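Let's have the full structure, built from the sequences with the hints guiding it.
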Amino acid sequence: AQSVTQLGSHVSVSEGALVLLRCNYSSSVPPYLFWYVQYPNQGLQLLLKYTTGATLVKGINGFEAEFKKSETSFHLTKPSAHMSDAAEYFCAVSKNSGNTPLVFGKGTRLSVIA
Amino acid sequence: DGGITQSPKYLFRKEGQNVTLSCEQNLNHDAMYWYRQDPGQGLRLIYYSQIVNDFQKGDIAEGYSVSREKKESFPLTVTSAQKNPTAFYLCASSPLASSTDTQYFGPGTRLTVL
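Just so you know, the protein sequences line up as chains D and F, in that order.
The opening position of the first sequence corresponds to residue 88 in this note's numbering, with each subsequent residue numbered one higher.
The opening position of the second sequence corresponds to residue 3 in this note's numbering, with each subsequent residue numbered one higher.
Just so you know, not all the hints are guaranteed correct.
SDA-like cross-link-like pairs, simulated, lysine to any residue; straight-line CA separation at most 20 Å [unchecked claim]: (1) F:K11 - F:V115; (2) D:K136 - D:L94; (3) F:K11 - D:Q129; (4) F:K73 - F:D32; (5) D:K136 - F:T102; (6) D:K136 - F:P97; (7) F:K59 - D:S90; (8) D:K193 - F:T88; (9) D:K193 - F:N86; (10) F:K85 - F:D61; (11) F:K11 - D:Q132; (12) D:K193 - F:P41; (13) D:K193 - F:R112; (14) D:K193 - F:G44; (15) D:K145 - F:Y106; (16) D:K145 - D:N111; (17) D:K193 - F:G42; (18) D:K136 - F:D103; (19) D:K145 - D:A173; (20) F:K16 - F:K85; (21) D:K136 - F:Y106; (22) D:K136 - F:T104; (23) D:K136 - F:G44; (24) D:K193 - F:A63; (25) F:K11 - D:P127; (26) D:K136 - F:A33.
Computed far set for chain D versus chain F, every beta-carbon distance over 10 Å [unchecked claim]: (27) S99; (28) E102; (29) L105; (30) N148; (31) S171; (32) D172.
Computed footprint of chain F on chain D, listed as stretches where at least three residues anywhere in the stretch have a Cβ under 8 Å from a Cβ of chain F [as the list claims (entries may be wrong)]: (33) 125-136; (34) 191-200.
For the record, the hints were derived by calculation from the structure and aren't laboratory data.
Just so it is clear, the structure is predicted and the values come from calculations on it, not from any experiment.
Using N, Cα and C, we set each Cβ at its ideal position, and we do this for glycine too.
Put into structure tokens, the structure is as follows:
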């Protein structure tokens, strides 16, 4: 069965600092991987996804993530945090075969300090 | 505007009552999903539907029921059998039920049991 572990339920960074949100997955087959962002009392919005091809994936709002099969990781980064990045971030995985729903991690809340 | 609508935004229920949460999409998506979100728990799948008149249980289906009579609608009923229904409920849809598909989320319904 697939699973997702997000290290750190809460991450706090200074404005302008590097953002690093960690995601490790467990999957018996090569996975498809997703990062979503959620602002308070709203639905989720896709930031980026990895399916096949280039392992460094660029998304919206300056975020990117790198798929590392050997480390079973898909960490999310942004070089310089902005106040508007404060939100909750979810990593999710699906199998690359069949029609299967996503399995989500428990989320990481990002705070940005001025 | 294309998108997913959920209503109501806030819902209050007395113990022992059934309530139905609405989810409508005009994206012409085949697949639709219901998730429950609790603080620190991430998103957990309740039910999903890949085609009209068919749906599958997710990880936490007990105490919930759904129907899919129309492609654009996937209502969720929270029954009195659900012992702890207070949560944020998110509906999502995807073009097909493919593992690579992006899921698009509605704005959510916050259910509170009084």
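Going down the list of hints, with the structure as the test:
1. F:K11 - F:V115: holds, 14 Å
2. D:K136 - D:L94: holds, 19 Å
3. F:K11 - D:Q129: Judged against 20 Å, a Cα distance of about 10 Å means the pair holds.
4. F:K73 - F:D32: This hinted pair holds, its Cα atoms lying about 7 Å apart.
5. D:K136 - F:T102: Distance ~9 Å between K136 (chain D) and T102 (chain F) Cα, so the pair holds.
6. D:K136 - F:P97: The hint holds at about 16 Å.
7. F:K59 - D:S90: holds, 18 Å
8. D:K193 - F:T88: Distance ~18 Å between K193 (chain D) and T88 (chain F) Cα, so the pair holds.
9. D:K193 - F:N86: Holds, at about 19 Å.
10. F:K85 - F:D61: holds, 16 Å
11. F:K11 - D:Q132: holds, 18 Å
12. D:K193 - F:P41: Within the cut-off at roughly 9 Å; holds.
13. D:K193 - F:R112: Holds. K193 (chain D) to R112 (chain F) sits at ~18 Å (cutoff 20 Å).
14. D:K193 - F:G44: holds, 4 Å
15. D:K145 - F:Y106: Holds: K145 (chain D) and Y106 (chain F) sit about 19 Å apart, inside 20 Å.
16. D:K145 - D:N111: Satisfied, since the Cα-Cα distance of roughly 18 Å is no more than 20 Å.
17. D:K193 - F:G42: holds, 6 Å
18. D:K136 - F:D103: Holds - the C-alpha atoms of D103 (chain F) and K136 (chain D) are around 10 Å apart, at most 20 Å.
19. D:K145 - D:A173: holds, 19 Å
20. F:K16 - F:K85: holds, 12 Å
21. D:K136 - F:Y106: The given pair, whose Cα atoms are some 13 Å apart, holds under the 20 Å limit.
22. D:K136 - F:T104: Satisfied, since the Cα-Cα distance of roughly 8 Å is no more than 20 Å.
23. D:K136 - F:G44: Holds - the C-alpha atoms of G44 (chain F) and K136 (chain D) are around 18 Å apart, at most 20 Å.
24. D:K193 - F:A63: holds, 19 Å
25. F:K11 - D:P127: holds, 13 Å
26. D:K136 - F:A33: The given pair, whose Cα atoms are some 19 Å apart, holds under the 20 Å limit.
27. S99: holds, 17 Å
28. E102: Holds, because the least Cβ-Cβ distance between E102 (chain D) and chain F comes to about 26 Å, which exceeds 10 Å.
29. L105: Answer for L105 (chain D): holds, closest chain F Cβ roughly 24 Å.
30. N148: holds, 16 Å
31. S171: Given a closest Cβ separation of 19 Å, the condition holds.
32. D172: holds, 19 Å
33. 125-136: holds (count 7)
34. 191-200: holds (count 4)
In this structure, every one of the numbered hints holds.
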